[in-house]
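2 protein chains.
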Amino acid sequence: MANNIIPLTELISQFERLPGIGKKTAQRLAYSILEQPPEYAERFADALLNARRKIHFCKVCQSLTDLEICSICDDQTRDRRIICVVAEPRDVMAFERTREYNGLYHVLHGVISPLDGIGPDRLRIKELMARLGSGEIEELIMATNPTVEGEATASYISRLSKPMGIKVTRLAYGIPVGAELEYADEFTLARALEGRNEI
Amino acid sequence: MANNIIPLTELISQFERLPGIGKKTAQRLAYSILEQPPEYAERFADALLNARRKIHFCKVCQSLTDLEICSICDDQTRDRRIICVVAEPRDVMAFERTREYNGLYHVLHGVISPLDGIGPDRLRIKELMARLGSGEIEELIMATNPTVEGEATASYISRLSKPMGIKVTRLAYGIPVGAELEYADEFTLARALEGRNEI
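First to last, the sequence lines map onto chains X and R.
Sequence positions in the first sequence follow our numbering and run 1 to 199.
Sequence positions in the second sequence follow our numbering and run 1001 to 1199.
Since the hints were made in silico from the structure, they are not lab data.
For every residue, glycine included, the Cβ atom is placed at its ideal position computed from N, Cα and C.
Hints are not guaranteed to be accurate.
As the list claims (entries may be wrong) - Listing some non-contacts, in silico: residues in chain X with all C-beta distances to chain R over 10 Å:
id	residue
1	Gln-27
2	Arg-43
3	Pro-120
4	Ser-155
Stated by the list, open to error - Which residues of chain X face chain R? A few of them, derived with a C-beta cut under 10 Å, are:
id	residue
5	Thr-25
6	Ser-32
7	Asp-66
8	Arg-196
Whenever a hint applies, use it, and build me the whole structure from the sequences.
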């Protein structure tokens, strides 16, 4: 069999572990690496190692950064009274693409999901509460996905924050119910920001 | 902007260079690397470097191998009188999956395509001719893609090989197994009629 070339089989299986990449696509990608000059594989390998080693969570907002405090938290021109609370780091990038939002972010790293054994203590909620304690924050925009778990997480955080005198809002249903925030286009996201309602 | 995390931007751009991977997919894949344990990125990087460094072309058939001579060319149980001529190394894997073919292979690494400036000298045709010179080969199965370039390449090699007393055959044209006749194009159907066999 041609497929007992061990380094090739290994490369295919690494591609196959990526989300949404099936066997056939993994094979095609692996072959394409072999068809390119060796420098490409080297740069790709470097990029993988660099990204994984240098990128960690921002001490403040828990989003991804290669600095101690991310460039958004560190940007003094942004509105420091509003925090947009999202589930995943990639959701931050989705909001940044709208160019409509100028506040800060907080990344929860998941949503409350009892069925998967994920309780509030598994999320970065206490880090969010610590930020609210500074007294500087006036509004939290809950921007978790419009799913049951996302809603439950939003209302859980809302219940904790309101007693601290903080206005808590939710993204408007401009976003299609059941969809993934990551794939929403910038116009829909911008409208959802505009029409946000108090919970 | 969140996307000025340089190691992340670099990783996304490496994924984007892969065939069939767009900007959104590249982002999703890059984030998925960051969500996995660091060992995954390390194993992926190793797999890339290993594959690219260890895999080269078989001295005989020009297919991919991590040995000097690939396991197919080296397999003494295979029929050494037949060579199946294909355009790309991945075509070898496609034939091997059929488990119906027990001869040898020769990989051309492309097809003759004057529009792209690819003449016969850019392909591994002289390596094929050298193999025919041994006198052991009785049949060449031309298995290039059924496109204008694939056909031209097949007939070019056929013209060179026939004077050496070698039988040159071409893969049968017809309707793919399991396909709906209704959706077959007229050229395929015409060729399927032409090449009809008695049941």
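Each hint, compared with the structure:
1. At roughly 7 Å from the closest C-beta of chain R, the C-beta of X:Gln-27 falls inside 10 Å, breaking its exclusion from the interface.
2. The non-interface label for X:Arg-43 is inconsistent with chain R: the shortest C-beta to C-beta separation is roughly 6 Å, within 10 Å.
3. A cut-off of 10 Å between C-beta atoms confirms that X:Pro-120 is not in contact with chain R; the least separation is 20 Å.
4. The Cβ of X:Ser-155 sits about 26 Å from the closest Cβ of chain R, beyond the 10 Å cut-off, so the non-interface label holds.
5. The interface hint given for X:Thr-25 holds, since its Cβ lies 7 Å from the closest Cβ of chain R, which is under the 10 Å cut-off.
6. Because the smallest distance between the Cβ of X:Ser-32 and any Cβ of chain R comes to about 5 Å, under 10 Å, the interface hint for this residue holds.
7. The closest approach between the C-beta of X:Asp-66 and any C-beta of chain R is roughly 5 Å, which is under the 10 Å cut-off, so the hint is satisfied.
8. Because the smallest distance between the Cβ of X:Arg-196 and any Cβ of chain R comes to about 20 Å, over 10 Å, the interface hint for this residue is violated.
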